[in-house]
Amino acid sequence: SQQGEEDPQALSIQEGENATMNCSYKTSINNLQWYRQNSGRGLVHLILIRSNEREKHSGRLRVTLDTSKKSSSLLITASRAADTASYFCATDRNDGNNFNKFYFGSGTKLNVKP
Amino acid sequence: DAGITQSPRHKVTETGTPVTLRCHQTENHRYMYWYRQDPGHGLRLIHYSYGVKDTDKGEVSDGYSVSRSKTEDFLLTLESATSSQTSVYFCAISEYTGELFFGEGSRLTVL
Numbered sequence: 094s095q096q097g098e099e100d101p102q103a104l105s106i107q108e109g110e111n112a113t114m115n116c117s118y119k120t121s122i123n124n125l126q127w128y129r130q131n132s133g134r135g136l137v138h139l140i141l142i143r144s145n146e147r148e149k150h151s152g153r154l155r156v157t158l159d160t161s162k163k164s165s166s167l168l169i170t171a172s173r174a175a176d177t178a179s180y181f182c183a184t185d186r187n188d189g190n191n192f193n194k195f196y197f198g199s200g201t202k203l204n205v206k207p
Numbered sequence: 130d131a132g133i134t135q136s137p138r139h140k141v142t143e144t145g146t147p148v149t150l151r152c153h154q155t156e157n158h159r160y161m162y163w164y165r166q167d168p169g170h171g172l173r174l175i176h177y178s179y180g181v182k183d184t185d186k187g188e189v190s191d192g193y194s195v196s197r198s199k200t201e202d203f204l205l206t207l208e209s210a211t212s213s214q215t216s217v218y219f220c221a222i223s224e225y226t227g228e229l230f231f232g233e234g235s236r237l238t239v240l
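Top line first, the protein sequences correspond to chains A and B.
The first sequence runs 94 to 207 under our numbering.
The second sequence runs 130 to 240 under our numbering.
Just so you know, these hints were derived from the structure itself, not from any lab.
Since the model is a prediction, treat every value here as computed from it, not as a measurement.
A couple of the hints might just be wrong.
Pulled a few chain A residues facing chain B out of the computed Cβ check, cut under 8 Å [claimed, not checked]: (1) 126; (2) 135; (3) 168; (4) 197; (5) 198; (6) 199.
Coverage of chain B stretches by chain A, computed from C-beta distances (three or more under 8 Å per stretch; other residues unrestricted) [said to hold, decoys possible]: (7) 156-169; (8) 183-190; (9) 227-233.
Where a beta carbon is used, it is the ideal one built from N, C-alpha and C, also for glycine.
Use the sequences and the hints to build the structure in full.
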């Protein structure tokens, strides 16, 4: 079964609004990452947050991690039409046998309307 | 952009035929991965490699084999393709930082 699951599956907002996507996972992790995928393209890394971190920022992106709830959120502030893409979280498993082995969720499809 | 090349980018084949997808990197990264992406399933890990000749299974490894004889090349083989293996296949690489760099994908259709 998948390690991470994103919520919602789809999100439609107006340009300028904030977009929030959530990710839940099942087992303890070393780190959690967020990726973006434009239609027909490969995934692009956005941000990585380690299990001992609670919040991280990168430009208009803000990621939080709550290891007690096994969940993370990705906030995109002041969204732009160019942010339209699918967003995925990826986690590893902190079980000593799966170093750098990453599992993805099904993704959130974000549509930012101009 | 990370130097990752997948080939072929598109392939149509018939059920029962063997298929090999190639991933080539110029970054000298230790870890290499094969994922498949299907609607409603996101990306699922097929196999990964943590060094030359060192590979391990992922979530959906049945029907797939891999080989890594050189740091730069990671091959994914479907010994006898089935229609359920119609998918988009992505190769990825990483180093110890954990950040994955993806190729552009290989679209495989099995008729």
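Structure-based check of each hint:
| no. | hint | in the structure |
| --- | --- | --- |
| 1 | 126 | holds, 7 Å |
| 2 | 135 | holds, 4 Å |
| 3 | 168 | violated, 20 Å |
| 4 | 197 | holds, 4 Å |
| 5 | 198 | holds, 5 Å |
| 6 | 199 | holds, 4 Å |
| 7 | 156-169 | holds (count 4) |
| 8 | 183-190 | holds (count 3) |
| 9 | 227-233 | holds (count 7) |
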